[in-house]
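**Q** Work out the full structure, taking the sequences as your base and the hints as a guide.
Number of protein chains: 2
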Amino acid sequence: MYVPSVDDGLAVKAGCGFGWQIYGKGNLGNPIKINRGVQKINNKNSLYNCWLGLKRIRDEDLRQKYKKYCKNIFYKSNDTIILTAIGELESAINRLFDVEVKTYAEHPGGSYIFVGTLEDALGEGYKINIELEPEGFLIQHLVQTGRNTLLIVGENNNGVLYGVFDFIKSICCGKNMDEIGNVDFPRNQLRLINHWDNINGNIERGYAGQSIFYKDNQVVKDMVRIKDYARLLSSVGINGIVINNVNVHKYETKFITEEYLPDIAILADIFCAYGIKTYLSVNFAAPIEIGKLPTADPLDPQVKKWWSKVTETIYSYIEDFGGFIIKADSEFRPGPFTYGRNHADGANMLAEALKPYGGILIWRCFVYDCMVDWRDRSVDRARAAYDNFKPLDGRFADNVILQVKNGPMDFQIREPVSPLFGAMEKTNLMMEFQITQEYTGQQKHLCYLVPMWKETLDFDTYAKGEGSYVSKVVDGSLFNNKYSGIAGVSNVGDSKCWTGHPLAQANLYGFGRLSWNPEMTSEEIAREWVLLTFGSKGKVMNTIMSMLMDSRDIYENYTSPLGIGWMVNPGHHYGPSVDGYEYSHWGTYHYADFKGIGVDRTVATGTGYTEQYREPVSSMYENIEDCPEELLLFFHHVPYIYRLKSGKTLIQHIYDTHFGGVEQVAQTIERWTDLLGEIPQEIYDLVLSKLEIQLKDAKEWRDVVNTYFYRKTGIKDTHGRKIFE
Amino acid sequence: MYVPSVDDGLAVKAGCGFGWQIYGKGNLGNPIKINRGVQKINNKNSLYNCWLGLKRIRDEDLRQKYKKYCKNIFYKSNDTIILTAIGELESAINRLFDVEVKTYAEHPGGSYIFVGTLEDALGEGYKINIELEPEGFLIQHLVQTGRNTLLIVGENNNGVLYGVFDFIKSICCGKNMDEIGNVDFPRNQLRLINHWDNINGNIERGYAGQSIFYKDNQVVKDMVRIKDYARLLSSVGINGIVINNVNVHKYETKFITEEYLPDIAILADIFCAYGIKTYLSVNFAAPIEIGKLPTADPLDPQVKKWWSKVTETIYSYIEDFGGFIIKADSEFRPGPFTYGRNHADGANMLAEALKPYGGILIWRCFVYDCMVDWRDRSVDRARAAYDNFKPLDGRFADNVILQVKNGPMDFQIREPVSPLFGAMEKTNLMMEFQITQEYTGQQKHLCYLVPMWKETLDFDTYAKGEGSYVSKVVDGSLFNNKYSGIAGVSNVGDSKCWTGHPLAQANLYGFGRLSWNPEMTSEEIAREWVLLTFGSKGKVMNTIMSMLMDSRDIYENYTSPLGIGWMVNPGHHYGPSVDGYEYSHWGTYHYADFKGIGVDRTVATGTGYTEQYREPVSSMYENIEDCPEELLLFFHHVPYIYRLKSGKTLIQHIYDTHFGGVEQVAQTIERWTDLLGEIPQEIYDLVLSKLEIQLKDAKEWRDVVNTYFYRKTGIKDTHGRKIFE
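From first to last, the protein sequence lines stand for chains S and F.
Residues in the first sequence are numbered consecutively from 72, following my numbering.
Residues in the second sequence are numbered consecutively from 72, following my numbering.
Think of the hints as simulated: they come from the structure by calculation, not from any bench.
Hints should not be assumed to be uniformly reliable.
Copies of one chain are not kept apart here, so a pair can be met inside one copy or by any two copies together.
Below 30 Å or equal to it, Euclidean Cα-Cα: the simulated DSSO-like pairs (lysine-lysine) are [stated by the list, open to error]:
(1) Lys770 with Lys363
(2) Lys525 with Lys246
(3) Lys292 with Lys325
(4) Lys719 with Lys608
(5) Lys525 with Lys515
(6) Lys716 with Lys240
(7) Lys793 with Lys666
(8) Lys719 with Lys666
(9) Lys608 with Lys142
(10) Lys666 with Lys787
(11) Lys325 with Lys286
(12) Lys770 with Lys426
(13) Lys147 with Lys198
(14) Lys515 with Lys608
**A** What follows is the structure, encoded as structure tokens:
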């Protein structure tokens, strides 16, 4: 699938703002001529194409059936997003069936595909009997004698685009034309990607190279890759993107000024054409740092005025600007606390500035004391988000959304769900997942994250009785929120395959699909991704599926056990250091001594964190017998000789999982090498090289963790395997 | 003491190379007029002046006696260094006695001070009955009726400068003019300062601000501070300086080219005027990186030719260039190993290029495998320098010097002496001390390092039987070396007091004095420094003396015990992390388990490191009963319940020293606060602020270390003091 890019010479100034229109447009009613020469480049580039590497349909029968429909496209609207959809469809048909498509602005007669919004469709007299949900779409055959006619109708422009992508996906997944037909819609209103990219080209916690947006303190000049990125995101339903790091440094603070806005508007227009709104991370201290005001006090009229003016300027450049995200009073970032104000004061002030334009203000809840005294066991970082925000429930403006990380700590391989999700009945909330693998192998290790996210979304908060799933909090239905949704921290950089590890593409794909529909299973999502990326061959499918589906447990096996987390090298967070964060000021402890390990977070004897959950969850975590064992050490301090339900002691469990995890990685490599010749060599080689790193690292984890506990306890492995002294 | 600087408008192009002459010069025989207006600035600046903040002599009697001599200075030579000496003397006399000095190029008659080389003195007919050692000097009264005449005679120009500084110091130390008189000389030939400064202005392991040489990828323009630094160094006898980091990065690799040499020559000329030769750190891969050669093989004729040409160019800019220092095949730096060559091949090739100009090549022996597998207890980093270099003894050219760190590891608070010092009978060797406090408190903690260096120099290697002290190895006398000496890694940056912590000035002063004469005691050196810096008041002297003299033991008490070292946070090396380097690839382990701690380096059961020493030292370290207890854990793996000579168990010793160390820091603060009003407020405040940081950090060290061992052993403090669980 390919849409000619700006450097094909077809770019036309138009569209959402002042930016780029992505492809040429013919006169209405006449076929549009599109230069397809450049497709060849992408054909060769299997790493780069990700799940959009549409391969020609080889089944002659299938092809003939589709051909009947696909020669003519009929559409009415000239909206940029619709034109994007048409371009995608046309290009896909050409790629898949080698068919020269003709486009029509008037009813072409004969067989055709109609593409348009509900309004367009009704205007043409098509009967649509079902009500489309926001951003939803309908794909439906019109049964007419001698004509093969298909409608792709969207509730709005985005719906049209999603319908087209769904249609393309259905073909690629091998559906027959007769089976084609779908009604779908995104369950979450906001489906956001967060970029932690800095203007100098570095990406905080980025493991796939440098930024695709910035280089050498400027917005990049070559927009092709950014457009291709917009396609990838849109194809899985993303409708918003934050283009700079929540830690807003010196130059990025000025993104909201006319020094940077012309360049940012170009990015915004590219995303806009794919139905994606642009958001900016802002610096709470900006009124001081760039506004020359003496204060950033959110209640100061001058400060309010300053933000209003800033916002006005932004919208003059970017008509459909999404809003701000802000990390305030968190990890040394400035915020309202400086002025004796609270998070609501800070958030509402910014929200007020955005309100006239329909913009939203996203306030991150990753707020905790990061200068903790490790000696004080009563302080518990896990409590922080709830303790900070629960008292403010109901005090946020209606265009404020709180963005809450999935767990109470920080994206560890295993955490309970943040108790905030069941606690904020009167506040818009959204989920923050981390697609970039900061603590989960940094895209050197294979770790398919969808099962973990899925667990979170499926978690029952009991906020309104049984069935009050997190998914219903973040889709806004449980508490009837005005705004809600899911955000994911991007795992993308300028690496050839976008994500460093080719199989980490599955996490980007999966994030989009799960945000679209949290009811999909991890397997369904993985299967789709494998099919679109590697094709339908059984052996390939089975192998990669099993690799993906096992990967999170494997990673957990050889790293930190039973929910305790951390145990990584400080700073970069890669590789094992059991005590790395143990005596630090970050509030990240395991309390391992010669007798036991774990954090007592019970009400009875510990930090009382368990009371932040509603019953029966609270009691489940409180009582060691009921506590899910995979979270045992998160909630309880447990002796090494404690018997798990398996009958094993805790220490033996640690040894077993660490020996076992390494073996599993070795088996993963065996599985992969069995695919030699079955998938593009470039991908095969790159994945293999990553797996070899993973094996080496897994051994290091195994030996460091096992030796650490052996040195501390003197307890030997019951199987007599090698533990270094 | 002040010499007008270049920006007084008195700078004249002249001297050693093409650089700056530091002060104006009148016609011979006529008094020289020197602008003294600028002295006032330095008068106010007690932090900046260090030990050269000459205060006016208030004792009227003393002043009158001196005045007789000091009004007239008679000198013959126009050499830059001599002119520097005259300027220093004149300026000092003016400062100390408020006397207007007149200088004469011909015998002035009446009372005067004659200043000159031995040759000058003999030329004037003065009788010198003793033989002066290289760079030595003589200060002597000429007894003549009715005239007060003093000779300051140097063996060479540097000797003259050192004689002048000694004379000034004697006055400041309160000596009466009648008592003045001295014959002295530096015991070590090379007395070098190594700067780990980078062209971007950062200093590797620098704790006193940014570089005084470089800023924003250029040599600084303002040379005043550099000249003042040269004065400080020269006043304690330093005669060589390496001006860039041994880790030679991209731009610094080009220091040896005409792109940088004009600027570097300016620095070199400033140092030259103070008798200090300039050296450069070079990159072994320079022939490839900047020479466009395909190889850096030291035996390749093209490579040899390239270095020859480079060296020729350097000497065309800097006539008295000292030579190169190089870190090769060490911590990822390139070196001869790449080409299957050894250290001697590499060093000799560079030495050959320098030879025609009298330059020397300093090859660092900090060579070890930094990619060790922590699991393999047979590998011992301590062995590395000896194992690498001992087999090459006798194979180095005569203008090569090996620079060896004092201990076998890396500047820890307590290490044995490197066994290389007794092992290289046919090789020039020099000592490398670290003045910058990388592992000793980073100039936030008070740690007077001279006692530690002194221990090293006083260590008996037994290389030629009893009395074969390290000091005799590095002064070249034991093995009759052509070159030898002592280098120290600078602790200086652009902080107001040069060294971040004002009392860390004592380490810079002490390094110079000890290099000059290793027979001085730590107390003598400290006393001199206090006297020159803070004056002779008893309370001030006693307090600061005790603070300095106790400081190293105090630091050791609250940090890593009994020679085991490390236990610091990786990377920056500040603050405690007991396991920070335990599972790393750096070869830095303590092997603490639930039973004991320490590295078995014996021949009998360990790594065999003890055999690198000669008898009886080898046996002393081999046998746990004879091993000095302060190095117990360096040489032996010892149970926590092992009884030390004190009767305490090892674990109790750890607890006691850590509790005690914190108390000692608290006492240090008490001592210091007793000096309120006794010393300049600015210094008082700054030192107090550092001591408060030290106390906070010492508590952190105490608690982390005690908790670590308590958690590992479950053994309680016998005194029931608070150990956090």
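**Q** Compare the structure with each hint and give your call.
**A** Hints, verified against the model:
1. Lys770 with Lys363: Close neither inside one copy (54 Å) nor across copies (41 Å); limit 30 Å.
2. Lys525 with Lys246: Only inside one copy: Lys525 and Lys246 sit 27 Å apart there, 84 Å across copies, limit 30 Å.
3. Lys292 with Lys325: within (19 Å within a copy, 32 Å between copies)
4. Lys719 with Lys608: neither (41 Å within a copy, 72 Å between copies)
5. Lys525 with Lys515: within (22 Å within a copy, 49 Å between copies)
6. Lys716 with Lys240: Neither way: Lys716 and Lys240 sit 44 Å apart in one copy and 79 Å across, limit 30 Å.
7. Lys793 with Lys666: both (22 Å within a copy, 19 Å between copies)
8. Lys719 with Lys666: both (16 Å within a copy, 25 Å between copies)
9. Lys608 with Lys142: Within one copy, since 29 Å is at most 30 Å while 102 Å is not.
10. Lys666 with Lys787: Close inside one copy (14 Å) and across copies (14 Å); limit 30 Å.
11. Lys325 with Lys286: both (16 Å within a copy, 26 Å between copies)
12. Lys770 with Lys426: For Lys770 and Lys426, the Cα distance exceeds 30 Å both inside one copy (53 Å) and across copies (51 Å).
13. Lys147 with Lys198: within (16 Å within a copy, 113 Å between copies)
14. Lys515 with Lys608: within (26 Å within a copy, 65 Å between copies)
In this structure, the earlier hints numbered 1, 4, 6 and 12 are contradicted, and the remaining ones agree with it.
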